[in-house]
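Protein sequence lines, in the order shown, are assigned to chains A and B.
Count along the first sequence from 1, then add 200; that gives the number in the numbering used here.
Count along the second sequence from 1, then add 33; that gives the number in the numbering used here.
Hints were generated in silico from the structure; no laboratory data involved.
Among the hints, erroneous ones may be present.
Stated by the list, open to error - Capping the alpha-carbon separation at 25 Å, the derived lysine to aspartate or glutamate pairs in DMTMM-like fashion look like this:
no.	chain 1	residue 1	chain 2	residue 2
1	A	Lys-343	B	Asp-610
2	B	Lys-47	A	Glu-232
3	A	Lys-378	B	Glu-619
4	B	Lys-382	B	Asp-366
5	A	Lys-298	B	Asp-610
6	B	Lys-381	A	Glu-313
This structure is a prediction, so every number in the text was calculated from the model and none was measured.
Listed below are the residues making up each chain.
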Amino acid sequence: MTFNILIVGVGGQGVLLASRVFGEAAMSEGHEVAMSEVHGMAQRGGSVSAVVRFGRGTISPLIPKAGADLILGFEPVETYRALQYANENTMIVTDVQKIIPITVTAGSESYPEVEKLITAMRDAGFSVLPLEATRLAEKAGSKLTVNSVLIGAVSALKGFPLSEESLRSALIASVPEKAKKINEQAFDLGREAVKL
Amino acid sequence: MSKERLNLVPQGTKALMLANEAIARACLEAGVAVAATYPGTPSSEIGGYLESMSKHTGMYFEYSINEKVALEVGAAAAVSGLRSFVFFKHVGLNVASDPFMSLGYVGVRKGMVVLSADDPSMHSSQNEQDSRFYARLAGVPMIEPATPAEAKEMVHVGFEISEKLETPVLLRTSTRVNHARGIVELRALPNISRKGHFEKDPFRFVPVPAVARKGRIRQLECMKSALAISEESPLNFEIGDGSVGIIASGVAYTYAKEFIEDACILKLGFTWPLPEYKVKKFLRRFDRVIVFEELAPLVEEHVQRMAREEGCQTQVLGKLSGHLPMAFEYTPDTVLALREQISVKNMKKTPKFESIPLPTRPPVLCAGCPHRATFYAVKKALNGREAIFSTDIGCYTLGLNPPLNSADFLLCMGSSVGAAGGFAESTDQKVIAFIGDSTLFHSGIPGIINAVFNKHHFLLVVLDNGTTAMTGHQPHPGTGRSSPSPTTPVDIEMMLKGLGVHNIGTVDPYDLSATIQAIKTALDTDEFSAIISRRPCPLALMRRGKLERKAFIIDKSKCVRCRTCFTKFTCPALSWDGIDVSIISELCIGCGCCAQVCPKRAIEVSK
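Here chain B stands alone, though its shape is the one from the complex (with noise of 0.2 Å):
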């Protein structure tokens, strides 16, 4: 973000802005003075502009080491007087569910705005849940915006609300809200105060049982509150006429009110609780009411129970009658499922075009990306003996593909080292458990005590490319990179030293030959064992200017295109034309690992 799109802009200047950058230039707006995350797509661009822009204004932002932390720290400002903002993906909730639940017991005295970011079709995720079951399950009130604009002006919706019944709001987007670009309305930026003061209550923020007791009964009232503040909420309002009636929320009305005719829309923005009052007097109104809503039918049921207790015979229509998909984002095309029930606009058809094969273009390792170095060794040191890969979510996650193959077990952040263990007592299997550096510190370690101290045999190889690459760089303990100021890095050898861990090898990746010795090595020891395999993300260096490119060339008189190179390492900057290899000079970084991996050694340093 420009600074000009920082500060002393006048009130009311437009721009067109990612919704993960409206919701940060929110933020400041509304005087967020600490936030909080963990990056997840399709949340993590809201860390860089605010990790950027807090710089500036005396917000205090942080990369937590995982989510739950985040939440914890950002619970700790609310609760002292500060307006706190946390975010995270989906997933992200799971992890720091655990403190969100009993958040809606003990409340807060300031604003706090919890943001998770589902991901409808998994874009990018290992699962499609839907976040707005945690509003319910943990008493909070929820808001879900469906455009660039909705999406900043709910960050201010949301502190208000929080503020309002001293509890916190969930945000709830989705990757075509997070990922969509629109003209937002931008407000002046106030001064925001660093420190609040905690008042100590302990008989309200101590949840022991008798004081739990007190806070559920507080977040009951609470939620009654918000029903109240729902029903009369702007958030919630009606567009359009015509005799079917839809209720719509999020980026799927969007969809419904420009592709679908002659239908009288009812927008929810407050999502919990519901707003049953204004729901049931819309239900009377007509025959028939479908629902369009992305992933589980949450407001549909709520919709068919309100039918039922109205005793109307509106006939309730969407995914649980089947008219639309449970599964996956919904599309403007989705409207077409409902053509039978209601008027959709007139369509465009495409002419009929000759099938022609297409190769897949499947994201891959980047040229020189160090994991593919480290993959190929463990193969390598393998030498055709089976094992089984426990893997863990980052860039590596793409070892999948053949010819690496070098995934093959995996849940969630962190759980490569916890179903290593599991695997290395329920088998006589060699077991390998890849992860990278930061999800390692997000939640790699427990896995790590719990392998020592249950004596699980397996070797545990950690990818440390330097960066929490696949999200877009953000930093973690182990970089010293922090907001604002330079932090002492967390010695990955000296922590696993410290958790009980005695083999410890330490590796280039690049260096191929003496990978494959510490893997085999490693492999053959008798105990639990960790290699560090340690080369910075290639990326991440070239856009600080770091990189340090070496030409390669194919010596075409020692080529003897057995094309080992790409079959067997496959890095897209090596290429065949159907006769020779050559390297395409643009992508290739000069890390020399093809070279090595030549039997012929017919790839060189150009002179």
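With the rest of the complex left out, here is chain A (with noise of 0.2 Å):
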């Protein structure tokens, strides 16, 4: 049995970070993990993914369409450009606040109303988790902890296989020393957001 993780986001976010908490996590709880991530062409803005993917016989570092067992969205729009990766039984879980790319501030494209999204996913028989989780990020004290709380969130999760106990420690083990402390009230938001 292996359970397969997708993360979107948008350069920047901690995309990158937050599949490795996962992927520690589940080294810690003894399981077999394969990741791949994408390094775009720029530093900064373009979108970004990663997989994580644990359980025995897991080699393969990317998944099937459809083959997704979470998505972690970070960002709207690019948890709806992952739809094809997901199944009728893939949760689904993604902080609501938009990055608005240069295409739509440039003028060429436009953007979605959010609500349109979620509303779409949920017609089309997904189940999704939408999150305030850059609100929630700037509540535990800094934007930057966008990441611990959507770990936070998905180790709340009905059926999600990693132990709250073990995701925390490995995130607390990715941060620098300043910055545990908040890192850790955005997992406890994150999660209490998820049990409300």
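Since each chain sits alone in its own frame, please combine them into the complex, following the hints.
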């Protein structure tokens, strides 16, 4: 049995860091782990994604279409873009905070309503958990902790196979000393948001 | 890499590593004494890890000026009795190909592994050539890992083969290996000796024709021995059973293994020379064999030949038979193309969902990137006049996108300068060549000398941001940053002067009007001229904690909503909600360029 996580977002948001937290947590629980990440052309602003897979016999670093068990979206349009990797049982967790791409500010394309994206996902039968993760991160003390909020949220999902403890300790181990407290707070806010 | 990963971990400790990190770790474990590279994605991170680790282990590591020089540095170490490791991306092997072709003739004395990282699907490259042909061309053995764990182990095996045969070994990786993470087992780190000794043997190491003829025979003999090793190598193994045979190599193997059922896979890790006997024996057992490999049908062509030689009726399917795609990387879904031939694991389906038009999100020049300002200034200076923009490899290639549209032609590292000379001679158009500082050192210099020597008339704009930004801020000769101790930076102005360039101007691109003026003057000059547009990469400054931000805001009473700031300048820190323009404070670094671009001076420093 293999569990497949696809994490999507925008360059600079901490997608790769989040994927490492899941990978480390899975390894600490004794799973085989295979992961891959996309390193974009420039340092900032483009779409980025990372794959985390764990379980017996896991070796491929990529997942097939419709093969994700969890899609963790750091940005709503990027989440929608990743739907081809979802099936009817996929858990979808997404931040609702828009990040407007340059193609939209320059006026050549438009950004759809976030509400419409969520509704369309639900209408298609996907189970989606929209979260105000960026707002919760600000509440924790820094917008930069949005990945901790999202990881905390995943830790509280019913049926997610990794334990809260291993995710929490993998997260804390991956952030610098001075940021540990605020990231743990963000993790808790994410957990609570799911339990509500 | 943390220090605990570096030393004194007990043998057998497991760690979750990016393959590039695992490869760097394996180099330490294998006692590599000299390593060299020029950064190129997907191989870039190996350098970052080696640079930081070499400081603790006594390994010599350098960022060379280009891949050719890196290979020459590594070769010298390996003939002097030190293990060496040289690495770059696939197009880097083109640059290094000249010395690489002769190295198989003269050989090495201690182990030398050369890593070339291919980029199927061109995630960050200008082509998707297959490095594996170089192994055949140069007559050197080649191994190909499928996973991070294999990548790490193959570094060790590579050195063993290299020492046994006294020849360099090519380690071919690809994006989905280099940028995959997996669990690897660590070995203890040996003590290494930094200094070797070169025993002279000019009738082996100086390939004048008489010597090279001996070398050619030596190389052929060496490949014969390599074939024998390949036949016995545990890197080539069989797994699974079924009525159909699959021959797979590289990361493609992982997709076959996980997503195809009822097949027997011959996994090839030692792919040049191919284990002929083993493959032929495999072929005889099946009516149908599928060859699963990324990029060129290199293994497949040889399997076809072997089937013919064996006189067996085995059907060989793959790229050549049209069953698998020739272009782009494979994914787990690639196996679906084989559904008629083979049993593919039951894959799930995505429910139908509404197709909502989503905005694309192309990579962009960062907020505050000085290149954006330079391109903007060049356009302003041209004032509607046409010019050919000969561009080069680096972040600034993204000037291609609207509204900057500052890239018209590109071939490879350093091509902007050489091609600009060609355009200058072939057309009556204005010609502007763009090149970054690192690329200038890498291979821009010969083009400049050519332009001076042959009196090509164009404008060279050096986009000097003080680092090799695109691959992750590695140093180059202009930075004064070197491993392990600082060095005297090469002064670009002095260098250009020394090459015979007379018209040289230096500008700060954040000062738009001065930059525009300098470019105008240079464009009116009737000879080869150069503008150095100098401003450090803000992201590099940020990482070193040296970026001083200023907060900018928009005075709504002055703003006339003309949107010039983002339709013409398009900084990602500018945003428009349909009514008002605003500045995204987390992204803005306060370069102040948009304030200069605004026709109403409505953008100002926040008080």
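Legend entry - Holds or violated: A/Lys-378 to B/Glu-619, with C-alpha atoms at most 25 Å apart: holds, 20 Å
Inset, instruction - Below or equal to 25 Å on CA atoms is what counts here, so check B/Lys-381 against A/Glu-313. - result: violated, 29 Å
Inset, instruction - Take a quick look at whether A/Lys-298 and B/Asp-610 sit within 25 Å of each other, Cα to Cα. - result: Roughly 12 Å between the alpha carbons, so the hint for A/Lys-298 and B/Asp-610 holds.
Inset, instruction - For the pair supplied as a hint, B/Lys-382 and B/Asp-366, confirm whether the alpha-carbon distance does not exceed 25 Å. - result: holds, 12 Å
Inset, instruction - Starting from A/Lys-343, check that the Cα of B/Asp-610 is at most 25 Å away, please. - result: holds, 21 Å
Legend entry - Satisfaction of hint between A/Glu-232 and B/Lys-47, Cα-Cα up to 25 Å: With a Cα-Cα distance of about 11 Å, the restraint between B/Lys-47 and A/Glu-232 holds, given a limit of 25 Å.
Violated hints amount to a single one, hint 6; each of the other numbered hints is respected by the structure.
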